[in-house]
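Trainee: Here's the letter readout for the chains.
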Amino acid sequence: MQADAGTTEPRIQVSNLTVAYGDFVIMRDLNFTVKQGDIFIIMGGSGCGKSTLLRVLVGLKEPAQGTVTYRQGSLWDVDDEKRSAILRRTGVLFQSGALFSSMTLAENISLPLQQYTSLPAKDIRELASLKLALVGLSGFEDFYPSEISGGMCKRAGLARAMALDPDILFFDEPSAGLDPVSAHLLDELILELRDSLKATFVVVTHELASIFDIGSNSVYLDVETRTMTASGNPTTLLETTTDPLLRRFLTRGKE
Amino acid sequence: MQRPDTNSPAPSCRVSAASGALLATLSGPWLITSPAPAPDASPAALLRALEATPRPARLAFESSGVTGWDSSLLSALRAVLAKAAATGVQADLSGLPEGVAALLDLAAKVPERKGAARHSVSEPFLERVGGLALSVRDGFEGLTEFLGDVTLACLNLARGRAVFQRSELLSLIKQSGLDALPIVSLISLLVGLILAFVGAIQLRQFGAQIYVSTIVGIAMVRVMGAIMTGIIMAGRTGAAFAAELGTMQVNEEIDALRTFGFSPTEFLVLPRMLALVLMMPLLCVYADLMGVLGGFIVGVVMLDINPMQYLTTTWQSVPLVNFWIGLTHSTVFGVLIALAGCYRGMRCGRSALAVGQATTSAVVTSIMSIIIATAVLTVLCEILGF
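Taken in sequence, the protein lines are chains A and B.
Counting with this note's numbering, you get residues 3 to 257 for the letters of the first sequence.
Counting with this note's numbering, you get residues 505 to 890 for the letters of the second sequence.
No more than 35 Å apart at the CA atoms, straight line, and that leaves these computed lysine-lysine pairs for DSBU-like: (1) LYS256/A - LYS587/B; (2) LYS256/A - LYS613/B; (3) LYS84/A - LYS63/A.
Okay, the calculated bits of chain A under chain B, using three or more residues with CB under 8 Å as the criterion: (4) 85-98; (5) 103-116.
Partial selection, computed: residues in chain B whose CB lies under 7 Å from chain A: (6) ASN755; (7) GLU756; (8) ASP759; (9) ALA760.
Think of the hints as simulated: they come from the structure by calculation, not from any bench.
Keep in mind it's a predicted model, so treat the numbers as computed, not measured.
Glycine included, each C-beta is placed from N, C-alpha and C at the ideal position.
Excised from the complex, chain A in its bound form (with noise of 0.2 Å):
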């Protein structure tokens, strides 16, 4: 199940990048792109800033330097109109899913439509439909978050990251909380995804099943040096690498 290197439009362009809080630097220096088609995985140990890195990619953190580059501009040296409309092609599923509590799942799913398209009620009521059937959710359109188990709360917020049928799709954590079966079923829907609707997808996680079976490109970021110490196609890097962390980490401890 190993992906394709995908082909070689860059989507987002990572140069010379900064985070931090105040004074304290989660991570300097990182340098990579993802490309169209990509199934970019940013891993590292717990703790290492990965979350933190999606949220500099998905803009709601500023960074401390460097810049973020979309095909559409750059996202941290435009104005918050013009980040707003690269964003609106970009779709995210947060760790809980992060499913408007007030909301059923189909309100949840109508939420963008409404805003940004002039469809009527009617239409985005089956648009909302379609998106829940794709993720295995059919039949729970008036459930409320609170309804429903956690794995189904992180397929959902997978329907509502894709409502405006975005370019790219960012995964905070994908498997985390879900156990190994619906772990696999997840990332099956990933590659299929991607496939169809010829997304990108960017995906922070440590589960290493998922790194090597949905992952074409990778960066590692490491928590003693607080930068990325690799990149590249995990199963490469693998086979590759003399990196003793990264090996150690590519093969749970075990070397």
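Go by the hints and put chain B onto chain A.
Mentor: Using the frame of chain A, we list chain B on its own:
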């Protein structure tokens, strides 16, 4: 927790020295629930023996008499081994019960991370004052930023470009208006009763009972109605806003809104503020009426005032300007409560503890700002001559 049974045998650790080597003989139950070992047979005695001069060369253990062990033995031994390492005594763990040595190894495997342990350092006075000043400045900056966001959102609303859900506004109006009626009724009625009672006791001495209606009317309509609804809404709705937004923050829902390009200020703060600003004056008018009703009950039942006379006096003696002053108060309170609740909620940290703190400080901030605003408005009215 099981209490130590005083009748059960105590563990012991006897130390014997022979030709420069220490032998610690452990026996009895080394369990958390066991009583403390006797002073001369405790790990403390072993620690002292390790420091004795001449320094022993080796430390060995004998543990065939141990009838049971748990973390209490490990913890005692860990201290002993640390002391042995510090004093340069070679410790031989082979005489310990099976598993103990392995667990001690495990605990010693990863060295203590340097600088990770927290030490409480007493900061010098000036540093504390400086830190406080900086945090006040940060808080002020955060508040100004929030107020700026809210102002922009209001401008967008005026231009008809604000993005929020009309259905949510309606449900917020119901929550903060209709659902608050029972408690507002009860409290305003009682406040009216209390005012009338207190007034009646004094006024009866002069046979001026009829002025109870004036006291209750002016007090309720001019300021008490607004203050009482304000305090009720601060505890009821302001707290709910803070808790709701705080939980959304914890649950990453606010981040999710941002990634869709929605402004959380427009989407979440604006409808809450609108709902309160619309509902507070209405609730205030209602509270005024309930307060006057409270006074009416006392006047008619206790003071035997003619019901019609009571109402006419109230009507004639309360200038209409008081009514407008009361409405102004309540509108201002509505803004303040919504701002305090939403501000604390939006700035909430990402833990259950933070949500609690946000809620608490939302209520404290609203009630404080209600009282301060009342003082300011009263002075203003005085200056303007109302």
